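Student: Residue-level listing of the chains:
4 protein chains.
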Amino acid sequence: MDYEVAVARELDGLRIPAKGEYSEVARQQRLGFLREKSGLALEGVGSCSYTPEALKNNIESLVGTVEVPLAVVGPVRVKGVHVDDTVYVPCATTEGALVASLNRGATALFRAGGVTAWAVSQRVLRAPYFEFFDLSAAQRFCQWVGDNEAEVRNRVLRASDHAELLSLEPVVIGRCVHLTFEYRSGDASGQNMVTACTWSACNWIREALALSGDMPLADFAIEAGLSGDKRVTGQTFTRGRGTRVTAECVLPADVVRDVLKVEPSALVHYFHQLSASESAAGSVGCCLNIANPIAAVFVATGQDIACVHESSAGVFYLELQQDGNIYASITLPCLVVGTVGGGTGVPQQRECLQLMGCAGSGKAMRFAECIAACCMGLELSTMSAVASDQFAQAHERMGRNRPA
Amino acid sequence: MDYEVAVARELDGLRIPAKGEYSEVARQQRLGFLREKSGLALEGVGSCSYTPEALKNNIESLVGTVEVPLAVVGPVRVKGVHVDDTVYVPCATTEGALVASLNRGATALFRAGGVTAWAVSQRVLRAPYFEFFDLSAAQRFCQWVGDNEAEVRNRVLRASDHAELLSLEPVVIGRCVHLTFEYRSGDASGQNMVTACTWSACNWIREALALSGDMPLADFAIEAGLSGDKRVTGQTFTRGRGTRVTAECVLPADVVRDVLKVEPSALVHYFHQLSASESAAGSVGCCLNIANPIAAVFVATGQDIACVHESSAGVFYLELQQDGNIYASITLPCLVVGTVGGGTGVPQQRECLQLMGCAGSGKAMRFAECIAACCMGLELSTMSAVASDQFAQAHERMGRNRPA
Amino acid sequence: MDYEVAVARELDGLRIPAKGEYSEVARQQRLGFLREKSGLALEGVGSCSYTPEALKNNIESLVGTVEVPLAVVGPVRVKGVHVDDTVYVPCATTEGALVASLNRGATALFRAGGVTAWAVSQRVLRAPYFEFFDLSAAQRFCQWVGDNEAEVRNRVLRASDHAELLSLEPVVIGRCVHLTFEYRSGDASGQNMVTACTWSACNWIREALALSGDMPLADFAIEAGLSGDKRVTGQTFTRGRGTRVTAECVLPADVVRDVLKVEPSALVHYFHQLSASESAAGSVGCCLNIANPIAAVFVATGQDIACVHESSAGVFYLELQQDGNIYASITLPCLVVGTVGGGTGVPQQRECLQLMGCAGSGKAMRFAECIAACCMGLELSTMSAVASDQFAQAHERMGRNRPA
Amino acid sequence: MDYEVAVARELDGLRIPAKGEYSEVARQQRLGFLREKSGLALEGVGSCSYTPEALKNNIESLVGTVEVPLAVVGPVRVKGVHVDDTVYVPCATTEGALVASLNRGATALFRAGGVTAWAVSQRVLRAPYFEFFDLSAAQRFCQWVGDNEAEVRNRVLRASDHAELLSLEPVVIGRCVHLTFEYRSGDASGQNMVTACTWSACNWIREALALSGDMPLADFAIEAGLSGDKRVTGQTFTRGRGTRVTAECVLPADVVRDVLKVEPSALVHYFHQLSASESAAGSVGCCLNIANPIAAVFVATGQDIACVHESSAGVFYLELQQDGNIYASITLPCLVVGTVGGGTGVPQQRECLQLMGCAGSGKAMRFAECIAACCMGLELSTMSAVASDQFAQAHERMGRNRPA
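Residue numbers (the numbering used here), protein chains in the order written: chain H, 1 to 404; chain C, 1 to 404; chain Y, 1 to 404; chain D, 1 to 404.
Looking at chain H on its own, in the form it has when it is part of the complex (with noise of 0.2 Å):
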């Protein structure tokens, strides 16, 4: 105990200090203690535009800000169910070339008439699971579920205005029963809206069956494998998670040869190899490297950054018409973005998405097609580079830094 005794003692003298505190007094007190610990003066990251007081639901233990270089790709025009304009889209990187290639795909699609897009469908799961102590309970579960479906929905509707319930299936695992809650979430990513609401309704469900006697319960969480949050998973892939989103373009042939320098037809091989090897790789989607923008506009418009993990896989598509010009096609499964709640209004991130005309309600379909804009642009444009062996020059070029 001794041991445990000055273990606690030491790590009190480790602290941050002002902990739960919002308040200017607050992060200045864990600035010094940090520069103290460190030595180091922390100007740049010490300095700090926003006031903590407003950061409160964003940020715990504020200390200051770092400052991600930002661009802006643009004209994107896009022509989608949810948009029909010509966009400028912030990107936050510091990948040198990242921004030069975005600009040069979104230029190839503007001379090519505009991406269209379309904003298919959004949904976020939660899926807690209900454990008995045999299978028999859980099968009596199933059907006790589907019989009280309306009552469940009726506790979701209590506990959100935004939260829309679109299905509720068990899946059983042995005798524990995973429920997926199925939401739409309107304009916000929604993971903590639809947390929100689950857990009401499994309250619900606990009371009753802790009245019913029929159905003891073993254990219950909030959240299992099944929903996919922040995970790379089969069923979100395929299933979907936040925003669906696909788009195409018509691209002409001189456009693909004046603007990405390649052949039409040059490019088209390359993409069929891309996509025999992608699938050689065992890869969960074929694109070449959508997470670049995903990430790039992520950071600037205040999304879960985190989010980047599973929003990043795809399906490209390309094919040379008869006519010699390319179509091509993306669809991203698993987009989830907001434009409501989150980091959404951190004051910079708001002005990113105001940019974007994508602020607020009613504007994330919007921004998920404006997304996928961006990622059919960068495709292209990579691609190219790749196909017409420019890729390694282009960046001997632009990222001269590093430590080759």
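These are computed hints drawn from the structure, not numbers from a lab.
Incorrect hints may appear among the rest.
Identical copies carry no separate label here, and so any pair may be met within one copy or between two of them.
[Said to hold, decoys possible] Below, computed lysine to any residue pairings styled on SDA-like, alpha-carbon distance capped at 25 Å: (1) LYS56 <-> GLY44; (2) LYS79 <-> ALA218; (3) LYS79 <-> CYS142; (4) LYS261 <-> GLU319; (5) LYS79 <-> ARG184; (6) LYS261 <-> ALA218; (7) LYS261 <-> GLN321.
Computed from a predicted structure; not experimentally measured.
Based on these hints, arrange chains C, Y and D on the given structure of chain H.
Tutor: Below, chains C, Y and D without anything else, positioned relative to chain H:
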């Protein structure tokens, strides 16, 4: 043609000015253009504490910066192979509750005596493909590569002082040979470095093939599907990409109860249910939410944020020991990180690396071990919250501005 | 052309005779041809206890049969939702040790009081694609499908008395709409049945599209990648294909020790290591060797043996209970089986189904539950052998003719 | 206890007699028992042309055989690295239309001049795990393995004349080290062989660890999740298991039209849609139905039928050449086959191997190349049927006894 001329003219009027220029004047021109187009003041993102010229290799067409809120998690005690220290870890995020949960995990680990970590290995692939006119030539080429490996290695050596070629393996898909160059890239994440080295080697190979006349090339590209760059693939996840790091900790039962507020047996039981349901979901790896700290640290420290995609798949493991304590391990097979090159030299990002004692040469393995420790802490904290049914409440409390 | 004529002539001389004929005479002609070409007597495979005419729907160009050694495993006690019986399970195999291990597992399960099983659901997909000339037409088609679902269902109804259309869902990939028809196929495995139904519905859809003129079809096919037939896919594994069945058993500690020759804690510990390493291997599902009984029963009972491919992915689960006993469950989400149609009517295969009490209508769910019980038994037996370090010895003993 | 005694007694009465005996008498006893229990005559499966004693290493508790209908597909022209021949391929199946489609594919390939095939490599893994008490010991063990690899190889050599150890690689998951032994197993599929070799090596390792005292073992097992035996995993699919074989063919346009009844451009277009939708389905590999010939040949030739599971994932590829002809390739990375050992010595199965010229030593690579040719033929035939909208009709015609 008239239509195309009109489109080209329209595009000219919509282009963001000062392409290819790296100066404050150019930046202001772009800002001015965007302000006019959007009618927005762009005061937040328009301010920028960096010198545009200094970001030449990190971004094109700089417009400003976006400030991402920063907290520092710690103390994190890491007893790794490449670090034995108490570390403070900067995390950039806009997601409420994340930093609090990371700190709770770090506290538990500290009180348990710290995390033992081992960055086992590091590797980056680049896999150009060589397409021949038939399988027979592909077969001869595979033989040829075996016979000429020494010279290929020689070309790689000339192209970089930092890249080390670990292996060279042909993968045959019909008449295409994908030649996987596997490198150790030192302290850089290495994508650009290995592109340069591979390109140099491939140029020599192509010259040699042209001279021999025996195996005429039908097509070539520096990169197809087998490199795994910016993609989650079965190959990358099982073979590794970037740094492979594993970490462990034994958590005394009372630490689990006091800090994580859960019974050890309940936590481990939950993990087992999670594990089964991750398997049922077809998850790549078995973790709950390591994408969170990976994204937060990547943004803070100038990593390639798009690599959150492939880096966030890992294997978490919990075991209830006979003495009632918990053994925990985490294995991250594809953590793509660097401490030199890319965004690691941007001033504020460099401050963050310095705060962790991870800036510059010789620090990448230490950096990876620290990240693994943070991931373990968050997994423990989140799983404990879920297993003890506090997760929904905690989010209710800390993520209040969502539109629920 | 001369070359082609020569090849065609050569081909004529090499063709196996009596194409398209179903008779003993035809069979003997083929046999004679092969004997002459090969110089082999083909006495074994040349003998055949079936009437060629009776195999008209099972094979073309019948030459004979191959006898696969058959054992019967049991007694297997299954207390399922669709079976409460002691069953003997015919297994066809040439792999030494398999039947012995299956029997050991069955004994353990019998002594534990039997296996509780539940065939939860059954579904087969067929997913034709409709390609349009642009995304906008694809979007209109999705709307049209929603508006005309009743008539589509009507066409399905007319095509089969057994297939039941559970859902109809469009999946959009660019301008292609893959229309997933999800059926319950009763006691048939159903691949052919749902092909016929879907084709009938699609013919009507195509006529309707031709009449409307509004959404001209660019291309159509009855099947592309989304049906999952004969393929392991993330979609199939998570959504299910064929019968989804789950089973459980509580094994008393002394049964584990006496029959499986392993300490319960050692067995469960091994399972946890297996589970973590399956995850690290990127395994689809988490089982050790269920492909073995699935293959052996499929061959014995006239199932489509190729479906061993997608059927053999499942989720096994073990838990050490506080009372020292072991809880085991197994979940097979895509067990493609039938008790009518296909090879189930071939005389000897039918005998095998009869022996299990699984021949004919109304038996498919019972059949699935029995297979799940066998899978659980083998998993337990093999894992026990491995966990107690007897696996290598057992194989040494029972698989002696290998060239080691 | 009374209950357990009663269960044990009940079990005794239900046991199939003559356990462990290999004789006709024993077989008849079992048959008699099953006839009595079931009331069935079991005339078909009860007859058996094999001598029970001769099947000692292939099956326990033999009861009889099940006859699977056999056809022979061919001529199949294979110009492989290990075969340059016209081959007749025995296929055992009960699925109508399969043999007809295989023959159509073989005809197309013959008229195209045959299939070029290359069995590139062969490897089988066995991956025992060594669990230590902490990560530090695991690290020392990895070092120790590197230092003692020569002696480990020595132990493998002593255990088998046929297995060749290709590589030895530790995979660290926390404090567990999974040691992947990668072998070439010659003409045997090799699962048992490599178990014996690995076990022998591990016994030596364990003795050495016990002597050193420095790295006490907490647990050991000969097999956990990293071997890929009987499982579809990302590791197996990308690294290979069994034989990796690739094959190609150029199909003249008129052969495609005459034999496959489809326009070349329509066939290739279909393949591209298939490829995109396989990717969207999260498919392991990109083939339509290679599990069919693999299963049919495996049953006919005494392969381990359970290996249909992992063997049936591959990468098919089609390309429309500028001359209007079609280039086709297929790559099977994990075809688990053998021509000695296991069921390959059972008389009728051996006849089938002999008919292919694939019986005995030195034939496994030839065998793999022949199978790849059949897979290519069926893919072409089925895809052509689907692409030209004849698939549903063909099944209507040839699979008539289904209960549609």
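Student: Determine for every hint whether it applies to the structure shown.
Tutor: Each hint tested on the structure:
When the C-alpha separation of LYS56 and GLY44 is checked against a cutoff of 25 Å, the pair qualifies both within a copy, at 22 Å, and between copies, at 19 Å. Only between protomers do LYS79 and ALA218 lie at most 25 Å apart by alpha-carbon distance; the minimum there is 22 Å, versus 52 Å within a single protomer. Proximity of LYS79 to CYS142 under the C-alpha cut-off of 25 Å is restricted to the inter-copy arrangement: shortest distance 19 Å between copies versus 44 Å within a copy. Taking the shortest alpha-carbon separations for LYS261 and GLU319, both the intra-copy value of 17 Å and the inter-copy value of 23 Å come in at or below 25 Å.
Taking the closest pair of Cα atoms, LYS79 and ARG184 come within 25 Å of each other only inside a single copy of the chain (24 Å); across copies the shortest separation is 40 Å, beyond that limit. For the homomeric pair LYS261 and ALA218, the shortest alpha-carbon distance between copies (19 Å) is at most 25 Å, but the shortest distance inside one copy (63 Å) is not. Proximity of LYS261 and GLN321 under a CA criterion of 25 Å is satisfied in both settings, with 18 Å inside one chain copy and 23 Å between copies.
Violated hints are absent here; each numbered hint is respected by the structure.
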